[in-house]
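Given these sequences and hints, build the entire structure.
Taken in order, these protein sequences are the chains called A and B.
Position one of the first sequence corresponds to residue 37 (the working numbering), numbered consecutively onward.
Position one of the second sequence corresponds to residue 1216 (the working numbering), numbered consecutively onward.
These are calculated hints, taken from the structure and not from any lab test.
Do not rely on the hints blindly, as some may be mistaken.
[Unchecked claim] Each pair of labels, with its calculated beta carbon distance range:
1) A:E153 x B:P1255: 47 to 55 Å
2) B:E1277 x A:P172: 25 to 33 Å
3) B:S1217 x A:L381: 54 to 62 Å
[As the list claims (entries may be wrong)] Keeping only pairs whose Cα atoms sit at most 27 Å apart, straight-line, the calculated DSS-like set for lysine-lysine is:
4) A:K146 x B:K1240
5) A:K119 x B:K1234
6) A:K177 x A:K206
7) A:K152 x B:K1238
8) A:K311 x B:K1283
9) A:K40 x A:K108
10) B:K1240 x A:K152
11) A:K234 x A:K200
12) A:K156 x B:K1234
13) A:K152 x B:K1234
14) A:K200 x A:K217
15) A:K304 x B:K1234
16) B:K1240 x A:K304
Beta carbons: idealized from backbone N, C-alpha and C, even for Gly.
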Amino acid sequence: MTKKHKAVALISGGLDSLLAVRVLQEQGIEVEGINFYTGFCVEGHTHAIRNHDKDKQKRNNALWAAEQLGIKLHIVDVIEEYKDVLLNPKHGYGANMNPCLDCKIFMVSKAVEWVKENRKDGFDFIITGEVIGQRPMSQRKEVMPIVAGESGADDILLRPLCAKNLPATKPELEGWVDREKLYDFHGRNRKPQMALAKEFGFTDYASPAGGCCFLTDKNYSDKLVDLWEGRGTREYEMDDIMLLKVGRHLRPKPEFKMIISRDAGESKYLEGYRKQFVTIQVVSHNGPLCMIDGKIEAEDYELAAGVVARYGQGRDAEEVKVEISVPGEEVQTINIKPLTTEQVLEEWHV
Amino acid sequence: MSHFELDARRMLCPMPVIKTQNKVKELSDGDILAVVCTDPGALSDIPAWARINGHTILGHEENEDELKITVRVGG
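Dropping the structure here:
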């Protein structure tokens, strides 16, 4: 009896990985998906914290793609392991703090591990939705063999959408997959993918050009670098990377940063940190909740309270009442005059 | 058949899905798992995950702050 070969596919939730899987399914290959959660994935529902995003469709595109394809999806938490990728990228960063090439190598290497663990069930190769020239850092032609080599995947890594532009891989050479029915896509033009999506009947797929990682975002990267500089060490925990997505961030002094909610949704989210962090809230008027990250001295309470008051409904009042809550201590109340817009200095904004 | 509860409060998706997935690996077909979470995204993601992986959503309860989604392991 002929052995049935199976593939595991890296599923981001975008169009390319969706198409790559369907191309192999058309050849009768059984595929399961794997999706890695680094903590920086845009696919998370962090956007749903904010009030105005509550009505947006809450859909995890990797799960959606798997359902469209009729495949199983394994979501893997790689938050801890990913720290080394972000902090020490051998191939460096892209335009921001995005270590795209090291990230791709890491994810393919994790897929290699998965294949080794599941070989007994017939899994013996890996597919990705990579397209030569699609992305400036991780999908250049010259880095394709680097990804395959450094990940340990070597010739079991097949890129169905651009395979015809690359040397034949083991699945093609062994005849598990018909190379003639693979594609030769290249470059940033998305029209061939869109045409193929139409041919397969895929509509409503995730934004074709959409990035999948917060680290490619300049504002987010700036906040991450500020966090490290403020602490004097390049370390982070899951809460840190979540909090970088919440509120407006101001650093009036090097020792502490203020995270000020922008709406009720963010206030509710920050409430959960009251037991761990100093929090500041105007109680005489409606206004935001502020969380202090870092070390704030009592002599700076008035400054911080004045900033928080600037963003509340009492901003024009002569005086507002503010509660300062330090974990393990009694809540302090002070009366202060809110700072003016001009007094909240531009350089404080992270 | 046994009943289990998973606390996924204050986790943002996809973490409640990952925790559910990992807990279900330890359970047997027919076991019931109630996942308590606070991210409304879980109401979309956990059922999607269950559908593609062959598990059954028995229902969900919502109050102002929390969601409880009940999953039966297997079909």
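Checked hints:
no. : hint                         : verdict
1   : A:E153 x B:P1255: 47 to 55 Å : violated (34 Å)
2   : B:E1277 x A:P172: 25 to 33 Å : violated (44 Å)
3   : B:S1217 x A:L381: 54 to 62 Å : holds (59 Å)
4   : A:K146 x B:K1240             : holds (19 Å)
5   : A:K119 x B:K1234             : holds (20 Å)
6   : A:K177 x A:K206              : holds (19 Å)
7   : A:K152 x B:K1238             : holds (23 Å)
8   : A:K311 x B:K1283             : holds (24 Å)
9   : A:K40 x A:K108               : holds (17 Å)
10  : B:K1240 x A:K152             : holds (19 Å)
11  : A:K234 x A:K200              : holds (21 Å)
12  : A:K156 x B:K1234             : holds (25 Å)
13  : A:K152 x B:K1234             : holds (23 Å)
14  : A:K200 x A:K217              : holds (9 Å)
15  : A:K304 x B:K1234             : holds (23 Å)
16  : B:K1240 x A:K304             : violated (33 Å)
Hints 1, 2 and 16, counting from the list given before, are not met by this structure.
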